[in-house]
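Chemist: I would like the entire structure built from these sequences, with the hints used as guidance.
As they're listed, the protein sequences go chains A and B. For reference, each letter of the first sequence is one residue, going 29 to 227 in our numbering. For reference, each letter of the second sequence is one residue, going 2 to 184 in our numbering.
Just so you know, these hints were derived from the structure itself, not from any lab. The beta carbon of each residue, even a glycine, is placed where N, CA and C say it ideally should be. Careful: at least some of the hints might be erroneous.
[As the list claims (entries may be wrong)] Covered stretches of chain A, going by a simulated chain B footprint (3 or more residues, C-beta under 8 Å):
1) 83-97
2) 129-143
[Stated by the list, open to error] Here are some chain B residues pointing at chain A (derived, C-beta under 10 Å):
3) Arg-20
4) Phe-23
5) Val-24
6) Leu-25
7) Ala-61
8) Leu-80
9) Leu-84
10) Gly-89
11) Tyr-90
12) Ala-92
13) Gly-99
14) Ser-146
15) Gly-149
16) Gly-157
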Amino acid sequence: VNLEDYRVLFFVGTLGLSLVAASPALSMAVSFGGGSERFSEFWLLDGLHRTEYYPFDVGVNESYGVFVGVGNHMGSSEYYRVFVKFRNSTQSLPDIDGSAPSSLSPLYEFRFFVGDGEVWESRLNFGFEDVALEGDRVVVGDVVFDGVVFGVDAIASWDSEFGGFYFQLFFELWRFDLASYGFRFHNRFVGLWLNVTVS
Amino acid sequence: MSVRETRRLSDVSVMSVSRLFFVLLILSVFAVPLLVPAVFGVDGEDVAVLAVDRAEAEVASAYEAVLDAEEAGADVSGLLAELNVAGGYLAEAHVWLGLGDFDNATRLADLCYDVVEGVEGEAFGLESEAHALGVTDSVVRMVGSMVGVVVVVFLGFVVWRVFRRRYCRRVLGLRPEVVSGES
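Modeler: What follows is the structure, given as structure tokens:
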């Protein structure tokens, strides 16, 4: 190794150390982060905060509980809305491929703000009133959410394949879009099939 | 009819007219609250819808201000907590509006508006603070980086000179040899 080689070595070493010393200033202009994927989590847990004891066979004038939660990984604080809807097996579900929510009107809703990397969760108690068995179908008159009664008059016929009168309680996630200055369906929904039993 | 009787009759009719006017005035005062909504089409539902719309617009506006503050580097967790309270009221207002309970819808929308009213101003304040801190931070980073680079270059130069001197001394001290007789 001759002196010229050492000179190049020193020059490269000094340049490298200079870049390290200048990195605080350089970081203001250059982003070193690769950028992670942005998304929102949306979940539904049972009343014990687990995934084992979801309500399924539900009776009249009884109360059941679930937890609905949202995790924000969108890179900034988000303004969300969750619509709670109730349907029978023939009524519309959200169309994830077409980014379209269910055409059913929401019965209940949540609105909340979640910081980036944080989560929101809320318990929802629900029950059914004014349920009648009419031949081979069940008519649910009212759904109760957290003590508030909503008239639905939903009808389910006997499902001979699965043996029950099935309704679905589902939750749609909406996100406030600043560009359109309004809520947009965030392409996520979670739901719970319920077999309404009439004693 | 004498002049005196005519004057009396005139006094009586003036008194009756003024009394009638007074009674009508009192009645109209009581009738205003009933008539105005009917005339202008303002009922409980319209009031509730207006209150909910106003609250909704205020929440959206406050959220936008909070996002700006967050982007500037401010800690907006306190503001998000306030917005969450307002969001809860707003959701309830929508629920009651859907159920046709306009009094409750209006009450909750007004509560939402009251909670969120000051958030936008607080967000602007935090954003200004964050901008000021950001400027100071930038200056510190720039100066620190410049000083760092100067120190590294200076030390590199000094070390190089010391190294070169030692290298030359060692290399020249090894073989002070002159080859003669060659062309």
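Chemist: For every hint, state whether the structure bears it out.
Modeler: Hints versus structure:
no. : hint    : result
1   : 83-97   : violated (count 0)
2   : 129-143 : holds (count 11)
3   : Arg-20  : violated (53 Å)
4   : Phe-23  : violated (49 Å)
5   : Val-24  : violated (47 Å)
6   : Leu-25  : violated (46 Å)
7   : Ala-61  : holds (7 Å)
8   : Leu-80  : holds (9 Å)
9   : Leu-84  : holds (5 Å)
10  : Gly-89  : holds (7 Å)
11  : Tyr-90  : holds (9 Å)
12  : Ala-92  : holds (4 Å)
13  : Gly-99  : holds (8 Å)
14  : Ser-146 : holds (4 Å)
15  : Gly-149 : holds (3 Å)
16  : Gly-157 : holds (3 Å)
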